[in-house]
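**Student:** Now for the letters of each chain:
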Amino acid sequence: MPDLLSVKNLKIEATSYPPGEPPKTVTLVENVSFDLQKGKVLGLIGESGAGKSTIGLSALAYGRGGAVITGGQVLLNGKDILTLGRDGVRTIRGCKVCYVAQSAAAAFNPAHKLGEQVIEAALRHKIMSRPEAEKRALYLFKVLGLPNPETFGDRYPHQVSGGQLQRAMTAMALCPNPELIVFDEPTTALDVTTQIDVLAAIKHAIEETHTAALYITHDLAVVAQISDDIMVLRHGKTVEYGTTKQIIEAPNQDYTRALVSVRQTKREEARDQSNTLLKIEHVSAGYANGFKVLHDVSMHLPKGQTLAIVGESGSGKSTLARVITGLLPPSDGKITFDGKELPRALSGRTKDELRRVQMIYQMADTAMNPRQTVRDIIGRPISFYYGLHGAKKTERVRQLLDQIEMGDRFLDRYPAELSGGQKQRVAIARALAAKPELILCDEPTSALDPLVAEGILNLLLKLQEETAVSYVFITHDIAIVRAIADSVAVMHRGKLVRFGPKSKVLSPPFDDYTDLLLKSVPEMELGWLERVLTTRRMESAGN
Amino acid sequence: MAGGGPITGPALSTGPAAGGEGLSQSAPVPGALVTPPTGVVTGTFWRRFTLRRPLAALIIQRLGLSVGLLFAVSLMIFGGVEALPGDFATTYLGQSATPQAVENIRKDLGLDKPLTERYLNWLGGAVKGDFGTSWASKNSVSEQIGNRLGNSLFLAFFAALVSVPLAVALGMLAVQYRNRLPDKIINVVSLAAISLPEFFVGYLLILFFAVQLGVATFPATVYDSMGFGERLSAIALPVATLVLVVLAHMMRMTRAAILNVMSSAYVETAELKGLSAFRIIAKHAAPNAVAPVINVIALNLAYLVVGVVVVEVVFVYPGMGQYMVDAVTVRDMPVVQACGLIFAAFYIFLNMAADILAILANPRLRHPR
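Line by line, the protein sequences are chains A and B. For the first sequence, position 501 (counting from the first letter as 1) is numbered 501 according to UniProt numbering, and the numbering increases by one without interruption. For the second sequence, position 107 (counting from the first letter as 1) is numbered 107 according to UniProt numbering, and the numbering increases by one without interruption.
Hints are computed from structural coordinates only; laboratory data are not their basis. We treat Cβ as the ideally placed atom computed from N, Cα and C, and that holds for glycine. There could be a bad hint or two in this list.
What the hints assert, rightly or not - Reference listing, derived: stretches of chain B covered by chain A, where coverage requires no fewer than 3 residues with Cβ under 8 angstroms from a Cβ of chain A:
1. 260-266
2. 354-367
What the hints assert, rightly or not - Straight-line alpha carbon distances no greater than 20 angstroms define the calculated EDC-like cross-link-like pairs of lysine to aspartate or glutamate that follow:
3. B:Lys113 <-> B:Glu82
4. A:Lys126 <-> A:Glu179
5. A:Lys351 <-> A:Glu341
6. A:Lys393 <-> A:Asp408
7. A:Lys135 <-> A:Asp154
8. B:Lys283 <-> A:Asp87
9. B:Lys283 <-> A:Glu116
10. A:Lys113 <-> B:Glu271
11. A:Lys38 <-> A:Asp80
12. A:Lys340 <-> A:Glu281
13. A:Lys279 <-> A:Asp338
14. A:Lys393 <-> A:Asp412
15. A:Lys126 <-> B:Glu271
16. A:Lys435 <-> A:Glu395
17. B:Lys283 <-> A:Asp154
Input sequences plus hints: build the corresponding full structure.
**Tutor:** Laid out in structure tokens, this is it:
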């Protein structure tokens with residue numbers, strides 16, 4: 001069978017303009033080749049900066065943000081689409097090749113109805129008449145399992161949920177009946193329980209319509225469920241290219257092996273339940289507009305241990321962290337810290353009470369002042385809480401940099417000069433600088449690549465051993481809970497569903513929600529998706 | 001900007017822009033009244049109304065704010081005029097002012113009454129459209145202003161008619177040729193136009209078109225007896241001056257607003273659908289750039305009405321601005337107060353209109369969940 005898409009020796013470059021320096025040309029992708037047959041799915045996998053999105057967009061002859069395809073060929077049905085010219089590529093885009101973006105919320109135009117946007121490409125390329133396109137959209141809404149498919153298209157993007165938007169985006173890509181779809185991290189921004197539905201819907205729709213796909217993701221477990229072949233990329237180059245079975249079960253390269261075995265660290269939980277550090281009793285909280293986010297939540301955390309709070313977006317887990325810090329005073333209930341009740345609001349707490357509870361955020365980027373050096377960022381709590389200045393302060397900053405496994409040479413760097421993992425390490429050092437007893441970690445690893453995230457988790461565990469600090473670790477990722485927690489609290493829609501030691505919470509009998517949550521986490525195993533879906537169908541048939 | 005709440009801007013997109021690897025976590029944001037939560041809502045009637053009909057609530061809020069603001073401004077104008085140094089009586093009588101004569105005039109004008117009583121009288125009249133009698137000419141202020149305001153609006157209307165479409169078109173042109181020669185030329189010329197004060201631009205135009213070329217009329221005075229065509233040719237130069245002054249600002253903001261939208265993920269989506277450049281700009285970019293552009297246009301329209309003072313004086317044009325300047329020189333307080341209040345009302349009204357239009361242009365508010 002002839003190849004639908006054949007990419008040969010692709011080279012993509014971008015020119016950057018650093019201030020005060022001559023323009024630099026950066027190679028994003030080099031010497032990448034692959035073939036894709038009709039109806040097949042190729043997974044492109046790698047960490048951020050691996051060039052996977054850039055390669056995906058080259059199938060539409062598109063360069064994002066100044067990226068230019070400077071070498072190689074992209075053959076679609078044997079014809080090089082790179083030589084088509086401005087008007088020529090328009091006959092490919094939205095017609096033969098369609099694109100599904102990572103954030104459907106941003107990729108849909110807020111000003112137009114979903115239905116109009118879904119059928120737009122099919123109409124503009126004169127592939128279908130309006131009634132035909134509307135009929136197809138309705139069919140796709142049904143295939144993708146969208147609620148009320150008849151009226152779904154009349155809604156505006158902000159009126160539907162993130163998971164529905166992502167499915168609508170898939171419908172938009174499928175509508176003109178393309179030969180190839182590029183999926184660019186279509187489920188990354190979704191909760192696990194939503195991800196599994198979208199994943200199943202995409203897989204079903206691809207099979208149903210015999211469309212070929214390039215599936216881009218950083219999550220090997222996800223891509224293993226959907227693709228026939230996998231290409232592992234790093235720094236714009238091919239690391240390994242083979243069938244899904246071979247990559248998952250018998251990887252040839254060290255890097256692939258690391259990706260396959262990532263997140264398999266598990267930690268035994270501490271049994272000692274005496275010596276409570278943090279106690280949350282019947283806490284409720286809401287925002288000024290009268291909307292209640294937390295309902296009667298109680299949990300506790302012993303000294304030197306880790307409490308993982310797990311839940312989807314909107315479950316109230318970050319709100320709970322805000323309540324503990326005092327940023328959002330609770331409307332009911334009380335919080336006891338080391339045997340003493342904490343004042344509700346931030347303004348009522350003493351400097352020492354503030355010092356003992358520190359916080360690490362999801363986005364280290366936005367949590368640091370971009371115009372301060374690492375020395376200033378870490379030094380600020382040192383001078384604020386301990387009044388140290390000059391050489392003494394620098395000495396302490398050096399110690400902390402040492403603790404987070406970064407050296408002196410980072411002292412005078414700015415956040416922009418650090419990688420994502422390094423930034424998060426600096427944020428950890430800043431929290432440690434106050435010598436706190438409790439650190440609230442709000443999804444500190446969810447914006448990081450798996451291998452980098454694992455490094456951060458190991459660092460947090462090491463620091464806990466060294467300093468006996470306690471963590472409240474907020475996450476949506478069960479694998480992380482397994483790796484680091486002693487006790488676990490499962491939250492859903494502002495209520496506490498389940499709380500206890502890790503071994504109890506994560507083993508049966510389960511309540512419905514925890515069961516769903518645990519079963520939705522993709523596993524690095526072929527056929528996992530089918531198995532879960534089959535069990536689900538059987539269960540719902542049995543009920 | 002009057003009552004510029006958190007809703008005036010277009011930036012209501014959620015989630016990170018495409019390209020990032022990060023997970024978006026949508027925690028409820030306090031103060032963002034965009035999504036009415038679906039939970040049980042308690043509270044006052046107004047709070048429930050806000051959640052059920054956010055659009056109507058926002059518009060009512062804007063209207064209320066505008067009325068309140070106008071009231072506050074009336075207080076400030078009255079207080080400010082009252083606090084001005086100098087006195088109509090002494091100015092009017094000149095050297096021959098005896099204490100007795102000054103006292104008589106003050107009594108005639110009612111200046112001996114207490115401040116609050118005079119304010120309430122003035123405000124009560126103003127609400128009904130009666131601004132009292134001019135001290136200098138003894139004519140009804142409302143009548144005189146009626147004429148003058150018509151002239152000023154005539155000038156402002158034609159300036160807007162030329163400048164608004166021109167600014168939007170030039171802004172779009174600059175976007176189309178972004179960072180290329182046409183864009184750079186438009187930018188440099190508009191920057192120069194912004195930097196020159198309007199009286200300077202006015203005199204330059206007079207020197208060039210009226211004195212050297214002799215193609216334009218100066219002074220730009222219009223009379224009741226003039227026909228429509230004559231009027232138009234008379235106001236050509238002041239209109240040109242005003243256009244030059246406001247054009248650059250509107251053009252640059254249009255350019256910035258459209259560029260901002262053009263770099264968004266949904267425009268990339270449109271591009272990856274293989275749509276034509278025209279359709280992308282007209283159908284996908286423009287509706288989302290409306291709100292910021294409306295704001296700038298309203299601000300400049302307000303400037304056209306309010307800021308014409310200098311231009312009217314330069315061109316000897318019988319509008320509100322010149323009337324007000326004349327009144328200030330003779331301390332004719334009722335006229336100054338009336339002009340001030342009308343200018344303020346225009347400013348507030350245009351800003352309110354812009355706010356409401358921006359709210360209406362926001363699909364999230366037009367179609368709540």
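**Student:** Which hints, by number, does the structure contradict?
**Tutor:** No numbers; nothing is violated.
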